[in-house]
Amino acid sequence: MEKANAPELERFKLIRILGEGGMGQVYLARQTEPVDRLVALKLIRARVQSLSNLARFEVERQALAQMNHPAIAQVYDAGTTAAGQPWFAMEYVDGLRLDHFCHQRRLTLDERLSLFIRICKGIQHAHQRGIIHRDLKPANILVQEVDTVALPKIIDFGIATAAVEAGGPQTAQPDLIGTPQYMSPEQLQIGTQPIDYRSDVYALGVILYELLTDCHPIGERAVNIADSQQMREILSRQTTLPKPSDRIATEQDVSSIIANRRQTSRRRLLRSLRGDLDAIALKALAIDPEQRYASAQELADDIQRAREFQPVKAMPDSTSYRLQRFARRHAFGLGSASAILLALLAGLAAATLGMLEAQRQFQIAEQRQQELGQVARFQQAMLSEIDIQAMGIGLIDGIRVQVEPIPALTEALDAMISRLNAPDLARGLLTDFILEQARTSILSDFQQQPALQADLLKTVLDIHQSIGSRVGSVELAEHILQLRQATLPANDHLVFQARHDLALAQYGLTNYSAAIATHEALIEDLERMGEAFIGLRLQAMRGLATTLVDSRESERALALAEAGAELAIDHWGEEDERSISALASLGYVRIRSGDIAGALAIYERVVEGQRQLLDENDPRRISPMINLGGILGASGRHEEALASDEITFDILARNRGLRHPFTLRLMNNMANHKMHLGHIEEAVTLLEQTLDLRSSIAGTSHPETLRVRLNLASAMIRLGEHQQAHDLMETVYGERVALLGPDHHDTLMAAELLTDTLVRLERYSEALAMIQPVYQWRQKRLGTEHDQTQIAAYFVGRALLGLDQAEAAVDLLAGAAAHSWRNPALDNPVPLRVSLGYYRALIRLGHIQEAAELRGHRLALLELNDPESLTVNQRALRDELLAISP
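Each step along the sequence shown adds one to the number in this note's numbering, with nothing skipped, and position 757 is 757.
Mixed in with the good hints, there may be bad ones.
To be verified - 30 Å max Cα-Cα, derived DSBU-like pairs, lysine-lysine:
{"hint": "1", "residue 1": "Lys-313", "residue 2": "Lys-121"}
{"hint": "2", "residue 1": "Lys-121", "residue 2": "Lys-137"}
{"hint": "3", "residue 1": "Lys-13", "residue 2": "Lys-283"}
{"hint": "4", "residue 1": "Lys-121", "residue 2": "Lys-283"}
{"hint": "5", "residue 1": "Lys-13", "residue 2": "Lys-137"}
{"hint": "6", "residue 1": "Lys-313", "residue 2": "Lys-283"}
{"hint": "7", "residue 1": "Lys-458", "residue 2": "Lys-313"}
Unchecked claim - Computed beta-carbon distance windows for the label pairs:
{"hint": "8", "residue 1": "Glu-766", "residue 2": "Ala-738", "range": "14 to 22 Å"}
{"hint": "9", "residue 1": "Ser-765", "residue 2": "His-103", "range": "22 to 30 Å"}
{"hint": "10", "residue 1": "His-103", "residue 2": "Gly-741", "range": "40 to 48 Å"}
{"hint": "11", "residue 1": "His-571", "residue 2": "Ser-114", "range": "52 to 60 Å"}
{"hint": "12", "residue 1": "Glu-475", "residue 2": "Arg-274", "range": "36 to 44 Å"}
{"hint": "13", "residue 1": "Leu-567", "residue 2": "Glu-475", "range": "28 to 36 Å"}
{"hint": "14", "residue 1": "Glu-233", "residue 2": "Asp-595", "range": "28 to 36 Å"}
{"hint": "15", "residue 1": "Gly-741", "residue 2": "Glu-616", "range": "21 to 29 Å"}
{"hint": "16", "residue 1": "Lys-313", "residue 2": "Ala-517", "range": "29 to 37 Å"}
{"hint": "17", "residue 1": "Glu-475", "residue 2": "Leu-719", "range": "52 to 60 Å"}
Hints in this document: simulated from the structure, not taken from any laboratory.
Beta carbons are placed, not taken as given, at the ideal position from N, Cα and C, and that holds for glycine.
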């Protein structure tokens, strides 16, 4: 150790500096008397030596001596140097600072909370003795591991002050002491507001936030804060802080790393944070001290409640919230979701039978029935609202976490996951282990109560439909209908509903003829009932219209959907949610019928109507909004499509996260819009992010991952990065051959695009070797005149032209050009691209007159129009054309 400025103290031998801060230095020292031991010795800086500091130090000597808690480093001795510098010797803790310990040990979320509770209890011990720490932060909390147990030690109470030795816990100390990033708002005001124990609660809130998210509540700005003035300005502008779960959701680049440090997946971490822990952290961080926890013990108690799935004080109290906590708390005892569902439904049945007891028991039975009915409906809602896409991803994430410690399995796992369909995996597990067991139990246990049995089976069927499970749904719907018809009149609403459910189940299995017959008979009966069942009648009309259009009876479907929309608007008005649902059905029918313009007009009304009626985050808004963006893009209105998709993306990212399949699909759509608008670099950035997410979710070889990689290659071609595009396409082609076989449509498409990159790189021999088998296969299987065969012919001609075989190329290119112009679409670059290839061949052969005619006719669009009026594809082709010398 450099001893030039080190003081000499009796009974202590300084070994080395442990740390240095604004208030002074901390040394590792050996105490020689009265016992021989290592200590941490803190020396107060001479430059801050003042009467107030000296007075504070004398108070500290008395106050710190009162503390004796396993979470607080014990103070052994104190005094002053010969030069008058205050010092004190405390327990030496050979540990890591809190945040470093958590990272290095990869503590789980629950382990972090357990550690944090011990810290809170230590702070509470100090508060009970009138001491406010005022500089709580991870660096002042050291953690040791003793017999595999993490034990925290709070250090540096050197700036803690006895609040008022004889006058209560508040101080109006004018000195600004502490670390700005962890200071409470009242500390930052420097004397304008009294400081009490709740100031430490705020600092604990910041530490808790970081333990949950690895982020400061104000984000990355905290890293660059140099003084309290900057922090004061930030807090004055930022009146609300993001929830920890929202912080994880927005930290897309590192959120998976953050989750991995807690030995979990990103989705499971988000699920753990949402609700109780979000509310606890924000309550501790309230700007107004009155809104915070009154003590560190209150904060610790609420965290313990959250760990035990008890209702926490930070959350608004409600019956539904308490029911959620009850169900989660007793999940293990009930065994599984199926056991919960059956137990609750069985309880409902028992309460119903209890109503047959004597009058003395009537009110008790009725109340019990209502309570259990509410719980049963709550459980049904929980299961029916399962996001099957997210659950599938969560299952795969769970598999990854399990094998992560075994590197040898990682590559094999990635190959296996690439062949899995995550939603199907989740759907199969729910169907086999929950729904099927529930169905079997209901059928055996409620044979003597057919009405009740029908109600319970209807619950199972609804969950089947909500998760898209088709297996056994028709048989289940038929059984429910039989039970309804056996116990109720034919014109009862429940009988009509059961008939509608059967038609939906038949549609789900693509048994369109049966679904059409069932719906037609139902609609006919409902029409005879008048307006009494108009809501169900319109549902049946929508179901029938959807079935008709999917079975290619577009005219009937369109007429029925239009009639349904008109009936709904006449009955409820245009701004009613049911009318908007009818319009959405009409929009779907128009899309499937090929009426893009008509569908666009409808979906614009639907999206606007839902915007006014539904909450911004209502999931029912998502599908129409995605459809609207897709229709706008298909109509060539890419700027509007991008604006629409960006709004949808914000909603999806907030509510389902970036890893949800809907969000990823939308990201891919947005990238395509950007490419059409010429924002190629932005498209590349978005596609690279999408590719990273797809790879982490489904593996590098999954079809969806390969599709994004293919789109990225197309963007790279637009940027002129032909080698990068080639490398991407080479990977896509190789993976598709292994996954789908060499003759699959998607494999042949990849071969086409790989050929394109080879031609652009002037590797013509490789290009011909790649595309020739594709052309021959398509000729044999699809015929010479098929669109895909002619595209392959174009690429064969381009490769031959590059090999100076213009004679062999010209006929292929002439045929492809003539074919492409039979149905040229406004925004389709293929006719122009193929004609440009034919033009090259004519120039190469010296057929100048024919080339001039082609250029003045089919290629005239590229030269005669203002370049700014051309699409991005057309401008690229124009540049190629102008570079060719006649």
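Outcome of the hint check:
Restraint check for Lys-313 and Lys-121: satisfied, since their Cα atoms lie roughly 18 Å apart, inside the 30 Å limit. A C-alpha spacing of about 15 Å is found between Lys-121 and Lys-137, which places the hinted pair at or below 30 Å, so the restraint holds. A threshold of 30 Å between alpha carbons decides the hint, and for Lys-13 with Lys-283 the separation of about 46 Å lies outside it, so the pair is violated. At most 30 Å may separate the alpha-carbon atoms for a hinted pair to count; Lys-121 and Lys-283 meet this at roughly 18 Å.
For a cut-off of 30 Å, the pair hint linking Lys-13 to Lys-137 stands: about 29 Å separates their Cα positions. Distance restraint check for Lys-313 and Lys-283: the Cα-Cα separation of roughly 10 Å lies within the 30 Å cut-off, and the hinted pair is therefore satisfied. Annotation: proposed proximity of Lys-458 to Lys-313 is violated, straight-line Cα distance about 37 Å (limit 30 Å). In this structure, Glu-766 and Ala-738 meet the distance hint of 14 to 22 Å, their C-beta atoms being roughly 20 Å apart.
Checking the proposed 22 to 30 Å range against Ser-765 and His-103 shows it is violated: the Cβ atoms sit about 53 Å from each other. The hint said 40 to 48 Å for the Cβ distance between His-103 and Gly-741, and at roughly 46 Å that hint holds. For His-571 and Ser-114, the Cβ-Cβ distance of about 58 Å falls inside the hinted range of 52 to 60 Å, so the restraint holds. A hinted range of 36 to 44 Å for the beta carbons of Glu-475 and Arg-274 is consistent with their spacing of about 37 Å.
Between Leu-567 and Glu-475, the C-beta spacing of about 33 Å keeps the proposed range 28 to 36 Å intact. Distance hint check for Glu-233 and Asp-595: the Cβ-Cβ separation is about 56 Å, which falls outside the suggested range of 28 to 36 Å. Separation of Gly-741 from Glu-616 is about 46 Å and departs from the stated range, judged on CB atoms against 21 to 29 Å. At roughly 58 Å, the beta-carbon separation of Lys-313 and Ala-517 lies outside the given 29 to 37 Å, and the hint is violated.
Distance hint for Glu-475 and Leu-719: a CB-CB separation of about 55 Å, consistent with the stated range 52 to 60 Å.
Checked against the numbered hints given earlier, the structure breaks hints 3, 7, 9, 14, 15 and 16 and satisfies all the rest.
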